[in-house]
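K.L.:
Given next are the chains, with one letter for each unit.
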Amino acid sequence: MTLLTIENLSKRFSSGGREVAAVSDVSLTLEPGETLGLVGASGSGKSTLARILMRLLPADAGAIQFEGKDWLTLSGAELRRHRARMQMVFQDVLGAFNPRATVASVLDDPLRIHAIVPKAERPRAIAALLDRVGLPASYAERSIRDVSGGQRQRIAIARAIATKPSLIVLDEAVSALDVSIRGKILELLVELQEERGISYLFVSHDLAVLRAVSHRIAVMETGRLVETGPMRQVIENPQSPAAKALIGAVPRLVTEPTEGPSHDV
Amino acid sequence: MRLLRDLVRTPEGAIGLGILTALVLVALFAPVLSAGDPLRIAGRALLPPFTDPAFPLGTDRLGRDVLAGILHGTRTSLSVGLAAALAAIAIGLCVGLTAGFAGGLVDEGLMRVVDAFQIVPSFLLALAFVSVIGASVPVVVLAIALGAWADPARLTRAQVLSIRERDYVASARVIGMHPAEIAFREILPNALPPVLALSAIIVAAAILTEAALSFLGLGDPNVVTWGSMIAEGRNILRSSPSLSIFPGIALVVTVVGVYLFSEGLTKALGGRRLEP
Ligand SMILES: Nc1ncnc2c1ncn2[C@@H]1O[C@H](COP(=O)(O)OP(=O)(O)OP(=O)(O)O)[C@@H](O)[C@H]1O
Ligand SMILES: [Mg+2]
Chain Z
6 MTLLTIENLS KRFSSGGREV AAVSDVSLTL EPGETLGLVG ASGSGKSTLA
56 RILMRLLPAD AGAIQFEGKD WLTLSGAELR RHRARMQMVF QDVLGAFNPR
106 ATVASVLDDP LRIHAIVPKA ERPRAIAALL DRVGLPASYA ERSIRDVSGG
156 QRQRIAIARA IATKPSLIVL DEAVSALDVS IRGKILELLV ELQEERGISY
206 LFVSHDLAVL RAVSHRIAVM ETGRLVETGP MRQVIENPQS PAAKALIGAV
256 PRLVTEPTEG PSHDV
Chain X
391 MRLLRDLVRT PEGAIGLGIL TALVLVALFA PVLSAGDPLR IAGRALLPPF
441 TDPAFPLGTD RLGRDVLAGI LHGTRTSLSV GLAAALAAIA IGLCVGLTAG
491 FAGGLVDEGL MRVVDAFQIV PSFLLALAFV SVIGASVPVV VLAIALGAWA
541 DPARLTRAQV LSIRERDYVA SARVIGMHPA EIAFREILPN ALPPVLALSA
591 IIVAAAILTE AALSFLGLGD PNVVTWGSMI AEGRNILRSS PSLSIFPGIA
641 LVVTVVGVYL FSEGLTKALG GRRLEP
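Protein sequence lines, in the order shown, are assigned to chains Z and X. Sequential numbering from 6 applies to the first sequence in our numbering. Sequential numbering from 391 applies to the second sequence in our numbering.
No lab work stands behind these hints: they were computed from the structure. Don't take each hint at face value.
One side only, chain Z facing chain X, incomplete, derived with CB under 8 Å [said to hold, decoys possible]:
(1) P63
(2) D65
(3) A68
(4) Q70
(5) G100
(6) N103
(7) D114
(8) R187
(9) L191
The beta-carbon is built from N, C-alpha and C at its ideal position, and this holds for glycine as well.
Take these sequences, add in the hints, and give me the full structure.
P.N.:
See the structure below:
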């Protein structure tokens, strides 16, 4: 059964008298255990789409079915309860945490709010989560500011999996990280997916990252979805000018030499 | 504790904290340092300073001890200043938080009231308030607070509006945290530090306003204040300038102490926020 169906989603912003169609008429689906890579130039509306999906922004039009529920009509306590099933990892490895938080409090929040484990067992659950993302249990006592960027992103992943979600939205989740650390985080994400059957909506402007994790790729341009297809097909044989431009910008993606970057951009 | 360490590490903070600690000690122990009513007639009138060891700073026209007046005046200045600033911050926080969280019409309405209070010069407001209701310590405190709450209200609202958009608040919503918990655990504690740094400035302004009101004869007549001492001395400024100069120095030292303290506090807080 399809996990997520987005139908004709639209969102306009008006700022300073200027109207921007950040997302226009986007439809897509996501299967359980699948990773959909969402790629597009800066300002193409990827984050807006992700934030609407996370119910951080209201949509202007369209519908979302998630786990058989009419996701956009949920509200209040019911919405908060169902949020356990859809989690998010943010790009900014520092800004995504309350500066006063400790590693333990970051991981305690989801366990407490969704009553996943009783209070007495939470320290053990926190240690298990830390262990699952490859961090020693002793990190629990640290301030979130006293761990490195890569470790912080591991903690963000631990927080996201704490509520046992079926979908995790990752908005540029590895873009702020060192290339060497980036690979390890991507490995961890793939492992978790194989282990728990989580679906990912992986937003990135970096096709090299998406190639490593995606099953399918969707390409956005100025708010519209211009191409969707299996990862290999989109990268090796892009149809839309937007996809061609994105692939042309990353020469190492293409193994055999082509006629060079297309200039029909 | 860490904040205190950071504070003392800045020269401003160390000096400011030193001055304020000394003033608080003087205010606390004023009845011990100089027993009895500071307004009572203690000796010969108009004794010059540094002549009689019993009255190191001399006496005024009625023979009241100037040193006793200054020591006890510290109590009035600090307590009125602190109480007024506390009241102003409390009102400002409530209004700013309500405006920032509620948004929409509530926000609009509250901010117009803030505008109105910011347009009226706060000293005139305090003057009018005290002249109408009458001079007593609580009225003076309220009058000063009324002129000082608008700035913290505006700052608190701006803080709330900016922090509401941070990723960590989005992350709290995503995790399903209740809006009340988001407001009080995620936003409020992070919105407070700049408002607290502002509070030192408000204390200094409140102390000056209190002195000015007393100078104009609108302070509580039953307590000794630096402002009323300066006003007393003004009539005989030529013959005995020290009567106005000593309470004036006390006032300047206090206000400078508060300003230095606030500078140090701002630096200490700023340094902390810059840390990775
Ligand atoms: N809160 C907002 N108010 C007004 N306009 C906005 C707002 N958020 C986004 N936009 C606009 O909507 C469009 C899409 O922005 P969005 O952040 O979704 O793009 P993006 O694909 O995530 O880009 P990037 O790769 O730079 O993160 C942009 O033109 C942006 O300026
Ligand atoms: Mg984005």
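K.L.:
Against chain X, run the beta carbon of N103 (chain Z) and see if the smallest gap drops under 8 Å.
P.N.:
Because about 5 Å separates N103 (chain Z) from the closest Cβ in chain X, which is inside the 8 Å limit, the hint holds.
K.L.:
Hint validation: R187 (chain Z) versus chain X, beta carbon distance must be below 8 Å. Holds or violated?
P.N.:
violated, 19 Å
K.L.:
Taking 8 Å as the limit, does the beta-carbon of D114 (chain Z) come near enough to a beta-carbon in chain X?
P.N.:
holds, 5 Å
K.L.:
Are P63 (chain Z) and chain X close enough, Cβ to Cβ, to be under 8 Å, as the hint says?
P.N.:
violated, 13 Å
K.L.:
Classify the hint on Q70 (chain Z) as holds or violated, based on whether any CB of chain X lies nearer than 8 Å to its CB.
P.N.:
Violated. Min distance 19 Å.
K.L.:
Is the shortest C-beta separation between A68 (chain Z) and chain X less than 8 Å?
P.N.:
violated, 20 Å
K.L.:
Can you verify the interface hint for D65 (chain Z): is its Cβ closer than 8 Å to any Cβ in chain X?
P.N.:
Violated - the Cβ of D65 (chain Z) stays beyond 8 Å from chain X, reaching only about 19 Å at its closest.
K.L.:
So, L191 (chain Z) near chain X? Judge it on the closest CB pair being under 8 Å.
P.N.:
This hint is violated: L191 (chain Z) lies away from chain X, its Cβ roughly 21 Å from the closest one there, beyond 8 Å.
K.L.:
So, G100 (chain Z) near chain X? Judge it on the closest CB pair being under 8 Å.
P.N.:
holds, 4 Å
Checked against the numbered hints above, the structure breaks hints 1, 2, 3, 4, 8 and 9 and satisfies the rest.
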